[in-house]
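Since chain B is already given, all that's left is putting chains L and Z on it; use the hints.
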Amino acid sequence: MTGTIQNREVFLNKIASQLGRTRITAPIERPTWKFRPQDEVLKGATQDELVEVLKEQCKKIHTTFYSTDKDQLSSLLDEVVSGYGGGPIVTWKDKRFADWGLDPLMKQEWPEKEMDVYEWDYTRGSENIAKAEQANVGITISEITLAESGTVVLFSDENKGRTVSFLPTTYIALIPKSSIVPRMTQAAQKMRQIHEETGHVASCINFITGPSNSADIELNLVVGVHGPVKATYIVINDL
Amino acid sequence: MRVSLFATCLVDLFQSNVGKATVELLERLGCEIDFPESQVCCGQPAYNSGYTKESKEAMKRMIDTFKDAEYIVCPSGSCAFMFHEYQHVFKGDPVWEPKAKKLAQKTYELTQFIVDVLKVEDVGARLEGKATYHTSCHMTRLLGVKEAPMKLLKNVKGLDFTELPGKEQCCGFGGTFSVKMAQISEQMVDEKVCHVEETDADYLIGADAGCLMNIGGRIDRKGKPIKVLHIAEVLNSR
Amino acid sequence: MPMKISNEQFKERVSKGIHDDFMRGAVSSAQDGMGVKRRIAAEELGNWEDWRSHGEEIRQHVLENLDYYLEQLSNNVAKRGGHVFFAQTKEEANDYIRGIVREKQAKKIVKSKSMVTEEISLNHVLEQEGCEVIETDLGEYILQIDDHDPPSHIVVPALHKNKEQIRDVFTEKLGYTKTSKPEELAAHAREKLRQEYLTADIGITGCNFAVAETGSFSLVTNEGNADLVTALPKTQITVMGMERIVPTFEEMEVLVSLLTRSAVGQKLTSYITVLTGPKEELNVDGPEEFHLVIVDNGRSNILGGEFQSVLQCIRCAACVNACPVYRHVGGHSYGSIYAGPIGAVLSPLLGGYDEFKELPYASSLCGACTEVCPVKIPLHNLLLKHREVIVEKEGKAPISEKLAMKAFGLGAASPTLYKIGSKLAPTAMSPFKDGDKISKGPGPLKAWTEIREFPAPNKERFRDWFKNREEGGK
Chain B
1038 MTGTIQNREV FLNKIASQLG RTRITAPIER PTWKFRPQDE VLKGATQDEL
1088 VEVLKEQCKK IHTTFYSTDK DQLSSLLDEV VSGYGGGPIV TWKDKRFADW
1138 GLDPLMKQEW PEKEMDVYEW DYTRGSENIA KAEQANVGIT ISEITLAESG
1188 TVVLFSDENK GRTVSFLPTT YIALIPKSSI VPRMTQAAQK MRQIHEETGH
1238 VASCINFITG PSNSADIELN LVVGVHGPVK ATYIVINDL
Chain L
36 MRVSLFATCL VDLFQSNVGK ATVELLERLG CEIDFPESQV CCGQPAYNSG
86 YTKESKEAMK RMIDTFKDAE YIVCPSGSCA FMFHEYQHVF KGDPVWEPKA
136 KKLAQKTYEL TQFIVDVLKV EDVGARLEGK ATYHTSCHMT RLLGVKEAPM
186 KLLKNVKGLD FTELPGKEQC CGFGGTFSVK MAQISEQMVD EKVCHVEETD
236 ADYLIGADAG CLMNIGGRID RKGKPIKVLH IAEVLNSR
Chain Z
107 MPMKISNEQF KERVSKGIHD DFMRGAVSSA QDGMGVKRRI AAEELGNWED
157 WRSHGEEIRQ HVLENLDYYL EQLSNNVAKR GGHVFFAQTK EEANDYIRGI
207 VREKQAKKIV KSKSMVTEEI SLNHVLEQEG CEVIETDLGE YILQIDDHDP
257 PSHIVVPALH KNKEQIRDVF TEKLGYTKTS KPEELAAHAR EKLRQEYLTA
307 DIGITGCNFA VAETGSFSLV TNEGNADLVT ALPKTQITVM GMERIVPTFE
357 EMEVLVSLLT RSAVGQKLTS YITVLTGPKE ELNVDGPEEF HLVIVDNGRS
407 NILGGEFQSV LQCIRCAACV NACPVYRHVG GHSYGSIYAG PIGAVLSPLL
457 GGYDEFKELP YASSLCGACT EVCPVKIPLH NLLLKHREVI VEKEGKAPIS
507 EKLAMKAFGL GAASPTLYKI GSKLAPTAMS PFKDGDKISK GPGPLKAWTE
557 IREFPAPNKE RFRDWFKNRE EGGK
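Residue numbers (the working numbering), protein chains in the order written: chain B, 1038 to 1276; chain L, 36 to 273; chain Z, 107 to 580.
Don't read these hints as lab results, they were simulated from the structure. All figures in this text were calculated on a predicted structure; none of them were measured in a lab. Beta carbons: idealized from backbone N, C-alpha and C, even for Gly. Do not take every clue at face value.
[As the list claims (entries may be wrong)] Once the Cα atoms are required to be at most 27 Å apart in a straight line, the calculated DSS-like pairs of lysine-lysine come out as:
1) Z:K287 to Z:K143
2) L:K215 to Z:K543
3) Z:K512 to L:K134
4) Z:K110 to L:K262
5) L:K88 to Z:K491
6) Z:K214 to Z:K143
7) Z:K529 to L:K95
[Unchecked claim] For the chain Z half of the interface with chain B, some residues (derived, Cβ under 8 Å), not all of them:
8) A292
9) F355
10) Y377
11) L381
Pulled out of the complex, with its shape left as it was, chain B reads as follows (with noise of 0.2 Å):
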């Protein structure tokens, strides 16, 4: 579906005409830009420092931070949740929940002990957002990670729902070690690619640094207002 352009080359034409030009009708190449300051933040760190800077980073944005393997993920997960006060849990549909060797969790465990664990299902429309309301905790998967700001990059689609990271009242994103970049830099260069090499760019692409928070109030810091009031970043070390 093609949308629509309303009153545009008289504001346009106003525009070029201010700066004293007809319009430009040529493409613009992209600049060569004189300065390129954020190349320079964590260059040629390892993955292992760079995961020691969100470790850090973490403390900073009242985040809990873990590394993990593989085969310790389920427990671990198992531990933030109850912590957390455990369910009702909502999920993206994620076929990587289960290569983690997290089903007998989310499918069994976690029913077995009357915790309501819901996964997105755009079939059943309006109902999915019922259900993040509701819930205690949502559990995503980071894409990409921000080291240098502690950020999980999230992309929607129909079976990751924009709200699963909002709703809850509390948030746990899944890191997979290998998805940690220096920065912002990174992310935004890969999302021009995807956007290359499909045409496509999500409708929605989260960028989300710990629980939300304001300082309206006197400067007062409050930990969790519109959004999640908790959150835990794993990272899982071997994938």
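This is chains L and Z only, laid out in the frame that chain B set:
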């Protein structure tokens, strides 16, 4: 080394002590001083009030006055900066822009000249007492002279130095701002005086007569026992 | 809320600000705290000046080619099924949005913080349509339920209120029964607003940076409210100032980094959301319909002129946090939704000199604003340019000042007149002397001596001392 002194109108009229100290100090450091008689005001008060046309006449006069100078030294960061600003004011003017550029290249604030050109950091001064220093906005932010006064003050014997809290904050002078927006200026200078008092200093030192007149005038009005000194006076004391 | 937020005269507003002790305490501690955080965030990068230069070159490039990038943006938004409306005036913007509201028969609208919607008084228009409009940024929400108190800071709009005042407002308007603890107040707002998101018909947002190459735009928050505003209602309207655009994600990234460090001293804020078009067909959350309203409202008149660089602004408020004048008078004194140095530059350009002619003078030209600006807008120079325009083009300066400056022009340019004038100064001033100082000065000195002493002119001018000394052979 021949130095042409750009004294500034505040020093000429109200703070001749600062001018005298500047001359004696530079002479002691081996400079030969001349004072071009036809110097007037640098034009900043009019320029900063939006009267560019009017101020240009003063600027041209100053450019002519100092055209043969080897080094121009000024005991005020703000007025020295104004000399650097002329080239922007005359931008595109085929006659005056090049002249203004030349003027800027040879204009130095006093402490900048001593540290960067004369390469002296200890002028052999002595002053007993507790002191703090006001960093003037134009000198630090616009002219970019940050370290020089500190380097020189550090070597003044007998001086017990404390950093001024909130030192990056304007004292509320701002030329005509001090009278045009007197209400706001008062709040700013009051906070500055509070900070000076917090340091428990005997002396407030600064490098710009305008700021010192403002802070000093308020200190005086409030009857505080703090002496206000221009850095030229401090560096000239023995 | 229009750009102009007060009918009082500038001096009255300033006087009110100066006497508001809570506000002044809040502003100065905010400035001190945020100033330090900003400085640490800038310095830890080690090459902050390069970052600023990069920010500047990106913004300058965009402004020089703005028509091109807006065309590219609109094509790409439409390609994704979004609707783009170019509004030259605020009326055009409001009419278009009103049309959507009517078509959707919308009753409830949730908004995330947006300065441009304040600028065009959108909330007022929506309320006239009978809609319930709910601001979801905590600070904006507080102001809104307090009978639309105007914002006093671009980033922390309710900075001028203390927690007890906020508690009282919550008690009166929301039936709140708990204490003035910020955590409890915020929890209450969370609970209230949750229901609003879920039941709203339309979500309205501003735009931090639009991305031309993909037709995307980004929203930067700490609370996560923009995410809920854009994830839950079926219709989304985004309103952007026409200059808030970058070529690609890579430039967006740089400006977001500059924004979060400069605004709040964070490497990144908790939520940075990059949205492209309406949701894809099978997606559950996200809007079914997306409208982008691109607003001029006076901006294009700034292009191509000596104030063009003000359009580089990314609304971080670092200049506000560094400004010693804002520190003492607070945001409401500016009488505009845009306060502080950026407000003093922008308000006369967008709202006219008649309303905002005092603002360019509300600066000591200390340059603190210019020093911290992450995209290198020469703010204090632009204030100076405003003064020049007011004097030379608008002719709005007082006659007495004009005469004084004329006399200055003559006196300062002529060594003879200067010498005579300055020689006469001690005599002229002698009736006002009190020892070596003047405590009650005449004319323009009166404003000076009301608060401080003024030195009496030296009996011997420096130039006379120097001359005598030369002639006396030292």
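Outcome of the hint check:
no.	hint	result
1	Z:K287 to Z:K143	holds (24 Å)
2	L:K215 to Z:K543	holds (21 Å)
3	Z:K512 to L:K134	holds (25 Å)
4	Z:K110 to L:K262	violated (45 Å)
5	L:K88 to Z:K491	holds (13 Å)
6	Z:K214 to Z:K143	violated (38 Å)
7	Z:K529 to L:K95	holds (23 Å)
8	A292	holds (4 Å)
9	F355	holds (4 Å)
10	Y377	holds (6 Å)
11	L381	holds (6 Å)
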